[in-house]
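Participant: In case you want the letters, here they are:
2 protein chains.
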Amino acid sequence: MIAVLRLGHRPERDKRITTHVALVARAMGASLMYLVGEDRNVVETIEKVTENWGGDFRIICVNDWKKVIKEWDGITVHLTMYGEDFEEVVERVRGNNVLIIIGASKVPSEVYELVDYNASVGTQPHSEVAALALFLDRFTSGRWKKLDFKGAKIRIIPSPRGKRVVRDEDSRSGI
Amino acid sequence: MIAVLRLGHRPERDKRITTHVALVARAMGASLMYLVGEDRNVVETIEKVTENWGGDFRIICVNDWKKVIKEWDGITVHLTMYGEDFEEVVERVRGNNVLIIIGASKVPSEVYELVDYNASVGTQPHSEVAALALFLDRFTSGRWKKLDFKGAKIRIIPSPRGKRVVRDEDSRSGI
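Protein chains in written order, with this note's numbering: chain A, 1 to 175; chain B, 176 to 350.
Heads up, a few of these hints could be off.
Claimed, not checked - Short, incomplete list of chain B residues facing chain A, as computed with Cβ under 10 Å:
no.: 1; residue: Ile192
no.: 2; residue: Glu262
no.: 3; residue: Lys320
Bear in mind the hints are in silico, worked out from the structure with no lab data behind them.
All C-beta atoms, glycine included, are put in the ideal place defined by N, C-alpha and C.
Whole structure, please, built from the sequences with the hints as guidance.
Facilitator: Structure follows, in structure tokens:
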């Protein structure tokens, strides 16, 4: 079980980055994302993706992020450019339930103390979207590419040129 | 030599995602990003990052994106969810100069024809930031972690708790 906790989301400013965080979480094997605060825009965008593309990824809006960390049944890893090398952390935690904590705006210093690991995906200014992707890539040993999204109405057939898309005809209600 | 071509950037809407694309490009080994259109906000943000964190990554604003693709001295790869598996493409192009093309809004269909490869980082709705990171991770065989950013005024020392930062005292003019 993989989950993401998105801290410090500011609805207007962060909606697109937080949506990208959720898309990456879903595409690379997480089951859910806890979003601190409320943002219908992000939640609805992701619900539409799951409806069309399958799987059961969902967003849960929460207020008490400390409770989410403290009550997590497994390992907690905070992605930050100041942490330990992420690949070393992955080696220690792989196979466990993992809650991955990702900040948007400044992260409260308590987070660094509350979590099991602070993990750094490189030591340069980066992107939390990329950091999550690289962490999940290593954590799943690259197996995210083979995930099966049950109930998908749309599937893509890889192609060197153009777009090949398979649509579930049953889902085309009214057509 | 690795470069990124960012297509379809809409200044207000895309400024944060495009900034993340540029940060990932810089942190993972690209030398420059061509930005189609003009966005001082993104350019200045990245200039400040390079000034403080070193290296010589830069953004070049262009209008004629077709010219950039046609005149590129090396391989061109368009990242799209509709393409061939990215790891197979990387195996074929590694070691060459590569121009990585990344769309924001809808990509003109000509792009699919003009490039050498259309490469897909998974076949699920994803993030171009994550796609770029995973492509560069494979293309550099993970060596982006060892990049040296010359002239850095700030460096981070990985740490399990808290923040350890080294600042170049010479740069603290006026303190």
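Participant: Please write out, lowest number first, the hints stated earlier that are contradicted by the structure.
Facilitator: none
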